[in-house]
Each structure stands twice: as structure tokens, then as C-alpha cells.
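*Asks:* If you want the building blocks of each chain, they are given just below.
2 protein chains.
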Amino acid sequence: MRKVYVAGVFSTPFGKLGDASIKSLAIAAGIGAMADAKVSSEAVEHLYFGNFAAGMLQGQKMLAAVVASGLRLTLGPATAVEGACASGGIAFHLAALAVATGQCDIALAVGAEVMTGSTTEQVTNVLASAMDQASGEPLTGLTFAGFFSLLARRHMAVYGTTMDHFAYVAKKNRDNAQYNPRAQFFGHPVTWEKIQQSRLIAEPLRLYDCCPISDGASAAIIVSENVAKALGGTMIEVLASTQAAGPAALQEMDSLTSLSAVRHAAQAAYETAHVGPEDIDIAEVHDCFSAAEVIAMEDLGFCGPGEGGPYIASGSTLWDGERPVNLSGGLLSKGHPVGATGLAQVYEVVQQLRGTADRPARRARIGLTHNVGGTGGAVVINILART
Amino acid sequence: MRKVYVAGVFSTPFGKLGDASIKSLAIAAGIGAMADAKVSSEAVEHLYFGNFAAGMLQGQKMLAAVVASGLRLTLGPATAVEGACASGGIAFHLAALAVATGQCDIALAVGAEVMTGSTTEQVTNVLASAMDQASGEPLTGLTFAGFFSLLARRHMAVYGTTMDHFAYVAKKNRDNAQYNPRAQFFGHPVTWEKIQQSRLIAEPLRLYDCCPISDGASAAIIVSENVAKALGGTMIEVLASTQAAGPAALQEMDSLTSLSAVRHAAQAAYETAHVGPEDIDIAEVHDCFSAAEVIAMEDLGFCGPGEGGPYIASGSTLWDGERPVNLSGGLLSKGHPVGATGLAQVYEVVQQLRGTADRPARRARIGLTHNVGGTGGAVVINILART
Chain A
1 MRKVYVAGVF STPFGKLGDA SIKSLAIAAG IGAMADAKVS SEAVEHLYFG
51 NFAAGMLQGQ KMLAAVVASG LRLTLGPATA VEGACASGGI AFHLAALAVA
101 TGQCDIALAV GAEVMTGSTT EQVTNVLASA MDQASGEPLT GLTFAGFFSL
151 LARRHMAVYG TTMDHFAYVA KKNRDNAQYN PRAQFFGHPV TWEKIQQSRL
201 IAEPLRLYDC CPISDGASAA IIVSENVAKA LGGTMIEVLA STQAAGPAAL
251 QEMDSLTSLS AVRHAAQAAY ETAHVGPEDI DIAEVHDCFS AAEVIAMEDL
301 GFCGPGEGGP YIASGSTLWD GERPVNLSGG LLSKGHPVGA TGLAQVYEVV
351 QQLRGTADRP ARRARIGLTH NVGGTGGAVV INILART
Chain B
1 MRKVYVAGVF STPFGKLGDA SIKSLAIAAG IGAMADAKVS SEAVEHLYFG
51 NFAAGMLQGQ KMLAAVVASG LRLTLGPATA VEGACASGGI AFHLAALAVA
101 TGQCDIALAV GAEVMTGSTT EQVTNVLASA MDQASGEPLT GLTFAGFFSL
151 LARRHMAVYG TTMDHFAYVA KKNRDNAQYN PRAQFFGHPV TWEKIQQSRL
201 IAEPLRLYDC CPISDGASAA IIVSENVAKA LGGTMIEVLA STQAAGPAAL
251 QEMDSLTSLS AVRHAAQAAY ETAHVGPEDI DIAEVHDCFS AAEVIAMEDL
301 GFCGPGEGGP YIASGSTLWD GERPVNLSGG LLSKGHPVGA TGLAQVYEVV
351 QQLRGTADRP ARRARIGLTH NVGGTGGAVV INILART
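Chains as they are written, first to last, in full-length UniProt numbering: chain A, 1 to 387; chain B, 1 to 387.
Hints are all accurate, no fakes.
Here are a few chain A residues that face chain B, going by a calculated C-beta distance under 10 Å:
(1) Ala54
(2) Ala64
(3) Ala65
(4) Ala68
(5) Gly70
(6) Ala244
(7) Ala245
(8) Pro247
(9) Ala249
If you're looking for bench data, these hints aren't it; they were derived computationally from the structure.
Where is the CB? At the ideal position from N, CA and C, for every residue including glycine.
Next up, chain A with everything else stripped away, as it sits in the complex:
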């Protein structure tokens, strides 16, 4: 495998973006990433596109070709991938592999989603389609809020995790979003009291423990070492990009306090990158619900099993802690346009490693992204480093 670098990134603002179409958002993100990398559309050889729900919500499929046409990339492969909330991460993963395996020298990964034009009921139903309909949601009646509330409840029962631990995640990420002008809740801070008093969505998860419904698009240009050197600028290397599959229904899981695909993908990523959890300076993790960030800390090895709550409460993952997590605001406060999220994580980590983030971390040489689809059915972990 060849060395792979991220030469350019872009993200639209996340939130309620009115009439912006998924095509226009995706093209904006693609153009932005190409401009950031100083790469022309003629030079882009492969396109990988991540999206979850445009077929169901906008009646638009075939988006890889639509976006490739819009960006004037019409010769090489343009491939659309779907892994629910990990769709953007999978697009990045395949783009990185295409360069790593010598299929091409310059690949573009774009992820996009438009959700706010639909009703909450429509979106909830569409999201439920990320569970196995033959043995999952229709049998259990679970929404994803319900699914993560079960994991949260189990974590509380087994490890003594508290609702305050979840609230701490919500507060930290909302605070971080106040420094990210692209975040959906930028300019909307909340107090600790307001979080603790907010209504229960699926006990024990309250309103601020749940990510919002969002529109947005993000993109990255991935290049070979020679191209990266020729383009100049800060070299951001992809030390590892790994993908793993897991169960698509609650009752197939081997644990309710851990996601097997995260453990497998993280272990593979650490081995590939020749680093351990202790080497990760910053991380963007998949906090679709606050309890998911607690579990992520453990599955990623940032702390031991069951220690996620106290680990977060210790302040270790704050901006000025030893390992800041979700400096972007995370899914909870940056927003979660499903297909874009995996690439938005890459956007934030790259800006942090470059030192060009809106609020740079004190130390950020190695960063990790953690993108989870469905009930852990698809997981992508990336480890990036400034080299």
C-alpha cells in the first residue's frame, strides 16, 4: 500500500439550509475541497459519494453520476456508497484505498444529506430503515433514540454510568460548537441546568442527548505522496483507514455496552498506523446520542470498559484536556446530515492538524475519526497525522 494524504477538505455549514438541493450542496463541497487542495476537476480521477436517504426523501438516486457530471468529472469511476450514518466515512475509506492501492493519484470523496425539508416522522421512519427490517425495527419497535437509550440504560446498570455523564457530553459538545461557525448550534449555547431539565426523548436520553436533523455536505481530496509534495502545504497523512461490519439488529449484538465493529476497526487501524490509543491527540467521534460518545471512548481504548462516563467527567476530552473529543461540536451540536458526517469529521481533524481550526487544540499531531452506521453495522475509523 502506498502512502496517502489528505490534500484538501471542505464542509458547508450544517443545519437547516432551506431549499438547497443535495446536488448543489454536494457540488459546493466538492468544489470547495478541490479549491482547498488546489486541484482542478480535470485532475480528479475517481469520485466516491456517500449518501443515505436521498432516494427516500428526495427521489434522487444515481448521485455519484449526478455529482460527477456537476463537477465535470466524467471519465473515471464515480461510485455511490451507503452505510447509513457511516456513508461518508465509507466514501473516504474507498477514496483512500483507491490511492493507496495505486488505482489513481487523486480521488475525491463527497458526502451529503438533505433532511430538514421532511417531517420528523418521515426522517424517523427513514432512519429506522438502517436497521434490519426482517428482524429489527418492525419487531422491536425501536427508533434509533430507543436503540441508544437501551445501550445507555444497560451501561448505567452494568457500570454505574449516570445521566450526568451523558449530560456532560452534551454540554461539552455544545460548548465546542460555539467556536465552530459551521455548526448547527453555533450561537446557541445551553446551560447545564437547561440540559438536565430538558425533556426525556427516550429515557435516559434527554433532548440535548440527541443529535438534530440536519442538511449539509463535506468533502475531501485524497492524493498520493508525489501529488501531495507537488501541491505543497501541510502534509496530512492517512496513517490508517479501516472499515468493519457488525450486526444490523439489536438482538444480534454480542454486547449492549459495546459495538463490535468499532472494536475491530479500531484495532485494525491502530495496528496499521503503528500507534495506540495513547498516541491519539484529538478525535471526532460519532456522538449521534451522548451515550454513544461514552461507549466510543471505551471501544476506542481511550479508557477501559465501563470507564467512559468518569473519563469524560474528568475533563480529559475537553478542549483544554489531554485528548479533546469532538472539538467541532460533534453530531450533537455540529449537526448530523447523515451522509456527510464521516467526511465532516475528516474536515475538522484536518483543520486541527493543520493548525487552521477555528479553535485549535493545544496539541494535535495525530487525530482519529470514528464514524458509525446504524446499530454498528458499518464502522469506519481513520487515523490522520501531520507529517
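Based on the hints, put chain B in the right spot on chain A.
*Replies:* Frame of chain A; chain B shown alone:
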């Protein structure tokens, strides 16, 4: 790139399959391909899954994880791809690349679609989502029958192609399907007169010029050279697997009598395989409409531009012709469960190259598959050989 082999294939029957779910069909195809290859589920390292419409028609996304779980493949990547009617071809392409680039030694590609439980209006609307909704179908009002009728009409005007040429494709493929018990119209031969007198769907295309709505699933096991040798049996090598992108709307096309992505993918495939069109013994091409097979003959270089009609009328592509095309019955008579089609083409070519087809071609050492998505927005060409 390493050498890559197809070690196993399977296809369910195509047609109206009643209450069979997309999950059950996909699992059946996957198990079938593993059994054909004599490979256990534990040995399969990657899964690539092609589907177009399960989100819109069955409310089921995240199918790569659902199928991986059902097949008990839960550790490696399971990736769902979508390129409209080329979804199955893209799944095969990525599986072949995963092995060729050394990411794994054994990959499974599965494609599946369930369509007959929906109304024709629903299916027509869903298929239209494979055109660019921002500049295509909503503006032009074109269904895909309308789109291909425009290409057919243009081909007639420019080259003198006739409706009889299209009818000849329909008759040949229907005749071929009478030897393929998996075909949707097996046991349903039609006469030349019935084809010519059938009702117009979108002039100049008549009923028998249009593929049916179908359910079905197909799969292939792709392996490295060492694994192929260890498994034994006839060695079927993937000489080339190429993918190209093209326009997703009529008005973006550079020609109405040719698909640019087919020309690009075919040229790349011939160069990679070190063969020319003259070396192709058999082909399975994407005859969603009979006119599409005429155009395919030209874009693949089997004849010159504009010569597709006379070429087919000459009998060259009949079972006993010099280069049989669509011995399976093609999309027109085998059926077209969208996400499965690209892999069903591989199934037929592999059976022909092995000499185990229901009606073997006289000479079949090198075979080609041609899988087209949407308006030519995604194209996959494979060249396979018995070695």
C-alpha cells in the same frame, strides 16, 4: 495488480418471486456462490452489495450489514454500492479490485432487487430517480422507456436502423431464454409476428422491446490466484474489470446514438485485458431496451458506428453465430432485477466459459459483460477468460 479469478457464481430464478424478501434472496445468492466456490462464510473477507431501490420500495437500507449478518460475515468491510442498473456490476468491480490490490484473497459480491410487489407506476417513478432530478426527468418528463426511445429514434434517423432491427433483438433474446430455466420468460416463447404486432410503449419501442419488472439476486465469489488454484476446478480469470462515469441526464450527453461511459470503460477494459473486440467469444450486454443492445454492439466495437442493426440482423449474435450475445435471454427475457443484473451477467458468462451453461456456446473462451446504469451515468465492463 494481482490476477483475480471468479471461483463461484449463483443466481436465483428471476421473475415474480412472490413474498421473497430482498434479504432472503440476497442470502440465498450469497450462500449459493459460496457453495459453488466451496468457500465457507468464515473465509469470506469482504462483501460488496449492489442494490438500487430497496430503500424506496421496501424501506430497507444498510443492506450490506443486513446481508453480512445473515451470511455470518461480520468482521471485514461490508459495503453497499448504488449505480442504478449498474449496481451489481459495481459490486463485482469493487470485489475484483479488493482482491487485485491485495486487500483480501476472497471477496463476495451480491446484487439483489425486489420490484414486483410494487405497482408499475411506483417502479416507473423509482427508476426515474436514476436520472438527475435537478435537470433531467422532472424537466423532460422522460421515463427510461422514453429516454431509450429517443436514442432509438435518433439511431433510425442517423443510420437507417429499423424497428425490425429492434424486433430482431427481442426475438433472439426471447428465444435464448427458452434454454435458461432461471429466466423470467422461460417457457414463454413469442413469435416474430407477435413481437411486431405488440403495442407501442414509447415509439418506436414496442412491448417486447422493453425489459420486464423483476425480482432476483445473483452473486459471485472472487479470489486470488493462490486461492483459485487451491479450490481447483475450471480457472475463470478476470482479465479486466473497468468502471466509468457518464452523464446523468439526456441533455448532457455528447451523442444520442452512443454512451460515452461505455466507450471509455470498454477501451480501458480491452487495454487492460490485452484483447480486442474481435477476441470476445460471447457477451452479456445491457439490453434494458432492444435499442440499447444495438447501441452496445457499436460502443463495444463489435461493429462500426451505425452498423448495430445490420450486424444483429446478420445472425452474428445468435447462439450459433460467430459471437453470441445475451445467451441468458438478456434483461429483455431473463428479467432485470436492477441490482442483480450485473452479477447475473457474470453468472451466465462464467457458466458459458466453464462449459456448464444450460445451452453452451460453441466456442467460449473469452466473455464480456456490459452493465449500464441510468442514462449511462455508471458503466461496468468485465472481460473474463477460461485460462
